[in-house]
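**Q** Read top to bottom, the protein sequences are chains A and B. Note that the numbering used here numbers the first sequence so that position 154 is 154, with each residue one more than the last. Note that the numbering used here numbers the second sequence so that position 49 is 1049, with each residue one more than the last.
No lab work stands behind these hints: they were computed from the structure. Mixed in with the good hints there might be a few duds.
[Unchecked claim] In silico lysine to aspartate or glutamate, EDC-like type, Cα no more than 16 Å apart, as pairs:
| # | chain 1 | residue 1 | chain 2 | residue 2 |
| --- | --- | --- | --- | --- |
| 1 | B | Lys1018 | B | Glu1079 |
| 2 | A | Lys92 | B | Asp1234 |
| 3 | A | Lys13 | B | Glu1008 |
| 4 | A | Lys114 | B | Glu1079 |
| 5 | A | Lys62 | B | Glu1154 |
| 6 | A | Lys114 | B | Glu1078 |
| 7 | A | Lys114 | B | Glu1082 |
One letter stands for each residue in the lines below.
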Amino acid sequence: MEVTGRMILNQFKVLLLVVIITLIGQRIGYGISILQAIPGMIIVIVICMAALIIKDFTPQLKFPSFAWASLIALVLTMPFVPTSKFMLGYTKYVSFLGTTTPILAFAGISIGTKVARIKELSWRLILVAFCVFLGTFFGSAVIAHIVLKIQGII
Amino acid sequence: MESNDALETTGRLSSHAKLYLAVLVIVIVTELIGIHKFPVGPGTVVLLPMLFAVIIGLLITPQVLGTVIAGLKKVISEEEVELAGAIVMISLLPLGVKYGTLVGPVVEKIVKAGPAFVLQEFGNLCTILVALPIALLLGLKREAVGASVSICREPTLGVIGERYGISSAEGTGTLGTYMTGTVLGTIFFGILGGISSITGLHPYALAMACGIGSASMMTASSASLSTAIPAMKDTILAYAATSNLLTGVTGIYSVIFLALPLTNYLYRKLQPRIQGEKEVQ
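One chain only, chain B, in its complex shape:
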């Protein structure tokens, strides 16, 4: 368990201190900026402090603004970046507790909506129907399979890595979606969550959709959706958290038994038609 060793404080006190101070400053600044909402038709663009926090956090790293402002590297160097990675997992836990306290009181309501929770999990397979044809149109080959099989968080990375190897074409595709999600996912879902009601889909249904199997992306989308529609805030957050919990449990099996076979099947059918040549395997 390397991530826990990374938290060791002995001999690395200054690194810890610099990182926590940087985060404290970011939190103070972004909370002062506060929440900004812009109505767009029936939807709302919601800019939350967390959105500013992820952007500022990203900007102050050595490879971004650190290359421009030399002094910045003294505060946030590669070492602090690495430490931040280890801390993210633990910093998520208070939010996990908060989500639990939002679901607990309405547990009967959740059970009542059980069929919807279970069936909407199959909606995750729509990644394939939407993304695979587009990937093929863009000229991708087997990368298309890895990229569109699922939202590609850690469990998928494990499955694809084991089956094809992470440096295979499929692995490259999965890594592509994984990296894009890691770097841009919260920003993307933070905007999508609030604006999604523009589709006319019910906020409860959108709330379930927020639970895509990544705690941070679920948080970004559900926080944004619930800020856009404050009257339904508690139910939105409870539904999103429950759906995410469910995806966390079912996700990996869905990839192994449904998503991957389906992606490969569709690839065999669509690839010759879209790209007009049979690939030599």
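Isolated chain A (complex conformation):
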């Protein structure tokens, strides 16, 4: 599908509102001054828009925009990259926990219609799903623990 300027503008509007909500949330929750956090949030918006645009133009890669956003920020903050100091100086006022709360509020609302469907699910499948969660988590943790120990990192 063609990527239109209108689509990008809509994404920008959403992002802007999410960032404003985050600014208010992290002021209340973590005492971060809104004014102090604005430059960092502008950097965040720029990277997010880049991630969305890259994703829209490379649909064949199937690499999610969340991963693009992380990857761009990662590269720009590596110690030997000249943008690192600038980036970290401002984004330190973007609270990690502060960005999570609005996401989960939207996510909570968005699963509203699925609640009825989970009630229809057999309790057996729900129980199996919990076993799946525990299996993947502790399976990875045990292997990681052993390898990190062998490597002498922990």
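For this one, chain A is given, so just place chain B on it according to the hints.
**A** Only chain B this time, still in chain A's reference frame:
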């Protein structure tokens, strides 16, 4: 790309306004509630604002409290629920950036732990070893294969849908794990993350385990783990984000080439033994 059209504001301003206001109110309330921690042995139950946010968000939807309180439906109707779904993907991006800025500065440390990152990806196959026998004991047939093959996020849904059809028994199983993850995943992992250090596994290893291939579940578990052990916060978040990035890249291939063949193999071996009858295929 329907999800982007769903963001169109023209003619739907009131719907947008109601949703953002609702989220703003939820954020203010949950940040005022703040972080609550309860030590349980060597682990910690961590209740973060995000956990309250997902629960309040869920409660105010039309099919939950909306059925009890009539006025609520006027604020959050099916339309706002649908819009929220489209916005979640974009609202995740600032967090993605934040994760990147946590990984970047310690990239050398990450590379050093490279072998652990790569090998722990195989831990995802433990879903099968744990969940398949239990699913069979519970009497599930081919649903067991779909349900236990992986954590069943969108890529798995695609693979199983293509191979068996989403309305097949396997598809039903995969949808079961997918739906449970969507509705209860963040709550489950939000609690599990903090309490997981009770096992004696190193927090760095647990951090890698948080990267299970779902951004929101990884966030819930790693935020909770890092709040429980604040001294290691930065490394925990960096490890979790990196591991999640890696699972995002390898996950689908792991399902196609490893997890699905292994699940089918184990099913053939275990099903007659546990359920005592050979299934007619």
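**Q** State for each hint whether it applies.
**A** Going through the hints against the structure:
1. B:Lys1018 to B:Glu1079: Distance ~11 Å between B:Lys1018 and B:Glu1079 Cα, so the pair holds.
2. A:Lys92 to B:Asp1234: holds (12 Å)
3. A:Lys13 to B:Glu1008: With Cα atoms ~10 Å apart, A:Lys13 and B:Glu1008 stay inside 16 Å; holds.
4. A:Lys114 to B:Glu1079: holds (14 Å)
5. A:Lys62 to B:Glu1154: Roughly 11 Å between the alpha carbons, so the hint for A:Lys62 and B:Glu1154 holds.
6. A:Lys114 to B:Glu1078: Holds, at roughly 11 Å.
7. A:Lys114 to B:Glu1082: holds (11 Å)
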